[in-house]
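Using the hints provided, position chains B, C and D relative to the given structure of chain A.
Residue-level listing of the chains:
Protein chains: 4
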Amino acid sequence: MSSIDADPTASWLSREELDSARERLPILYVHAVPVRVDHSGTVTSVGLLLRVSADGIINRELVAGRVLYHERIRDALLRHIEKDLGPMALPRIPVSPVPFTIAEHFPTPGVTAYVDPRQHAVSLAYIVAVTGDCAPQHDALDLAWLSPHEALDPQLLIEMTGGHGVLLRQALAHLGHAV
Amino acid sequence: MSSIDADPTASWLSREELDSARERLPILYVHAVPVRVDHSGTVTSVGLLLRVSADGIINRELVAGRVLYHERIRDALLRHIEKDLGPMALPRIPVSPVPFTIAEHFPTPGVTAYVDPRQHAVSLAYIVAVTGDCAPQHDALDLAWLSPHEALDPQLLIEMTGGHGVLLRQALAHLGHAV
Amino acid sequence: MSSIDADPTASWLSREELDSARERLPILYVHAVPVRVDHSGTVTSVGLLLRVSADGIINRELVAGRVLYHERIRDALLRHIEKDLGPMALPRIPVSPVPFTIAEHFPTPGVTAYVDPRQHAVSLAYIVAVTGDCAPQHDALDLAWLSPHEALDPQLLIEMTGGHGVLLRQALAHLGHAV
Amino acid sequence: MSSIDADPTASWLSREELDSARERLPILYVHAVPVRVDHSGTVTSVGLLLRVSADGIINRELVAGRVLYHERIRDALLRHIEKDLGPMALPRIPVSPVPFTIAEHFPTPGVTAYVDPRQHAVSLAYIVAVTGDCAPQHDALDLAWLSPHEALDPQLLIEMTGGHGVLLRQALAHLGHAV
Numbered sequence: 005m006s007s008i009d010a011d012p013t014a015s016w017l018s019r020e021e022l023d024s025a026r027e028r029l030p031i032l033y034v035h036a037v038p039v040r041v042d043h044s045g046t047v048t049s050v051g052l053l054l055r056v057s058a059d060g061i062i063n064r065e066l067v068a069g070r071v072l073y074h075e076r077i078r079d080a081l082l083r084h085i086e087k088d089l090g091p092m093a094l095p096r097i098p099v100s101p102v103p104f105t106i107a108e109h110f111p112t113p114g115v116t117a118y119v120d121p122r123q124h125a126v127s128l129a130y131i132v133a134v135t136g137d138c139a140p141q142h143d144a145l146d147l148a149w150l151s152p153h154e155a156l157d158p159q160l161l162i163e164m165t166g167g168h169g170v171l172l173r174q175a176l177a178h179l180g181h182a183v
Numbered sequence: 005m006s007s008i009d010a011d012p013t014a015s016w017l018s019r020e021e022l023d024s025a026r027e028r029l030p031i032l033y034v035h036a037v038p039v040r041v042d043h044s045g046t047v048t049s050v051g052l053l054l055r056v057s058a059d060g061i062i063n064r065e066l067v068a069g070r071v072l073y074h075e076r077i078r079d080a081l082l083r084h085i086e087k088d089l090g091p092m093a094l095p096r097i098p099v100s101p102v103p104f105t106i107a108e109h110f111p112t113p114g115v116t117a118y119v120d121p122r123q124h125a126v127s128l129a130y131i132v133a134v135t136g137d138c139a140p141q142h143d144a145l146d147l148a149w150l151s152p153h154e155a156l157d158p159q160l161l162i163e164m165t166g167g168h169g170v171l172l173r174q175a176l177a178h179l180g181h182a183v
Numbered sequence: 005m006s007s008i009d010a011d012p013t014a015s016w017l018s019r020e021e022l023d024s025a026r027e028r029l030p031i032l033y034v035h036a037v038p039v040r041v042d043h044s045g046t047v048t049s050v051g052l053l054l055r056v057s058a059d060g061i062i063n064r065e066l067v068a069g070r071v072l073y074h075e076r077i078r079d080a081l082l083r084h085i086e087k088d089l090g091p092m093a094l095p096r097i098p099v100s101p102v103p104f105t106i107a108e109h110f111p112t113p114g115v116t117a118y119v120d121p122r123q124h125a126v127s128l129a130y131i132v133a134v135t136g137d138c139a140p141q142h143d144a145l146d147l148a149w150l151s152p153h154e155a156l157d158p159q160l161l162i163e164m165t166g167g168h169g170v171l172l173r174q175a176l177a178h179l180g181h182a183v
Numbered sequence: 005m006s007s008i009d010a011d012p013t014a015s016w017l018s019r020e021e022l023d024s025a026r027e028r029l030p031i032l033y034v035h036a037v038p039v040r041v042d043h044s045g046t047v048t049s050v051g052l053l054l055r056v057s058a059d060g061i062i063n064r065e066l067v068a069g070r071v072l073y074h075e076r077i078r079d080a081l082l083r084h085i086e087k088d089l090g091p092m093a094l095p096r097i098p099v100s101p102v103p104f105t106i107a108e109h110f111p112t113p114g115v116t117a118y119v120d121p122r123q124h125a126v127s128l129a130y131i132v133a134v135t136g137d138c139a140p141q142h143d144a145l146d147l148a149w150l151s152p153h154e155a156l157d158p159q160l161l162i163e164m165t166g167g168h169g170v171l172l173r174q175a176l177a178h179l180g181h182a183v
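Residue numbers (the working numbering), protein chains in the order written: chain A, 5 to 183; chain B, 5 to 183; chain C, 5 to 183; chain D, 5 to 183.
If we strip away everything but chain A, and leave its shape as in the complex, we get (with noise of 0.2 angstroms):
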């Protein structure tokens, strides 16, 4: 899970409300898989954010954040995706609802593939293609594109915490890319 919390105004929640609903209930989350693609839909490169974490080291993350009240999930989606990427990324927001896999991350680890240790989180996950410039936000130093087969770099994947990496394998194989 990423820097959801940079951006308190963001939230319908005071900090003390939403750290007491963390306890309590599931958060729901979207992430987005950034991805460039040619005329024919083929993915030719991933977008990586790079983020220095609190204790500065540098991290490669997906698009996430939180589904505010009152939010459709496309639209948290393209929130999520100008803020990360930048007002001129221009994403192409799937048209349908059905996400390509459901990450539930849960503070006691084992339970699933994604770990959080905030809070049981659980997240839409959708593949999207930008078609603008992309300029990484706030706290992300720059962002990386990789190209499918890069992405698949056993390394890099497990250098990527918080389940950014399980979930970029899982983005891949959907594509249709899994060696």
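Just so you know, the hints here were simulated from the structure itself, not pulled from any lab data. No incorrect hints appear here.
Here chain A is said to cover these stretches of chain B; the calculated rule only asks that three of the stretch's residues, wherever they fall, bring their Cβ under 8 angstroms from a Cβ of chain A:
| id | stretch |
| --- | --- |
| 1 | 66–78 |
| 2 | 99–111 |
| 3 | 124–131 |
Counterexamples of contact, computed for chain D against chain B with all Cβ distances above 10 angstroms:
| id | residue |
| --- | --- |
| 4 | Glu21 |
| 5 | Arg28 |
| 6 | Val56 |
| 7 | Asp120 |
| 8 | Leu145 |
| 9 | Asp146 |
| 10 | Ala148 |
| 11 | Trp149 |
| 12 | His153 |
| 13 | Asp157 |
| 14 | Gln159 |
Don't be surprised by glycine CBs; every beta carbon is placed ideally from N, CA and C.
Okay, now just chains B, C and D, sitting in the frame of chain A:
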């Protein structure tokens, strides 16, 4: 949405806390369309619960309910199916967590095809084959098994309120039954 | 199924060979439901081709056609969309090869919801956003854009023969439009 | 692709006719990934067939085979699973015809992740829970049950030729197992 409030012990929040969260956060639900199948996986009938609403009207409903804190989606499905269809229903919970649709219920009509005056509820919807004996529980009067053809009756679908008719038609379309 | 036979050069089999294969093998097709979307990916309209059948009746149809030897599914989609909607339609071919449904057409009525008297055709069906100028080609008279609500008209769906009405309703259901 | 040629009576074409069609048309296949599940639908193990190839090498394979003329996809799945795993395997054929992926095999390497030197084969791939006793048939030596974790072994996946390793990894990713 159905009688999720019938069993207060199923909630890890007090009634007041849940009411408060419902005004602030999207609440995660599951819906299940119970079906009977033959040996080739062809759906032979669809199960609908008959419930009496607070104002004495008999409604046909699908299985539905909230996902609790630290509960896997598949465990929530299992719990709600057993709650509504009894402990001998022997459901075959799908192997993949990908739902056939996401039903976004808003308190305001017109945002999507789904309305829930009480809350913003996001439901992951699954078709679940049941192989055992189904005995409606709690406030359900009966369980009616309809052929896919009977379940496509426009009058029936319109009478299924709370978005259950929309969801049933989506499930039938996903199964290949559409006219 | 549509006028795939209109362009003999598109086939790598002679007419006699194709006729012979059609009596012996399932033939692979693609169907496309052309849609217009807004910036959030919401479908605002659905495109239907108006064609005159051999007996002078005007039919509303989806885009459809055969997958050729050594042709990728995404290239077949692109080719048939350009063939029917013109070279400036600018379709966004889906990133994933997973269709929203598989339409199994049998020469014998009653096996599935789809009938094709000429052959056993298995079609992979996709919803494809088009962003450019559409100009119906060949034997299509016009392209009609309907809102999702208009496209759900039962009379319209029944009049769309060859399984196109069934498939359109399945597509609309997949998009969340069902009543 | 597997030993579909082992049973000539399963084909409605002569060997010569089928060979001819294979040079002219995409041939429709199904693949099945056999799995064992617990009561919550969680996959506990994956079944792999051990076969001796023509040159004496032992291969691990999934269930696969051709869809015949006038055969439903679900009947083709059932037939190939019973052919490979025996008549008591008791498979639960999925209720929906939507596959978890489409595997496009080309005779030319590099078009997709799948190669089949004999033909252009388009395969619809399903994950199928089996609940009975599996006894490998015909040319299969044994059936090995691996945990999802064991099945993710990169060495195993690379050794599974004919695209079976790619497809197995895609299936595991679809189930939420990816690292």
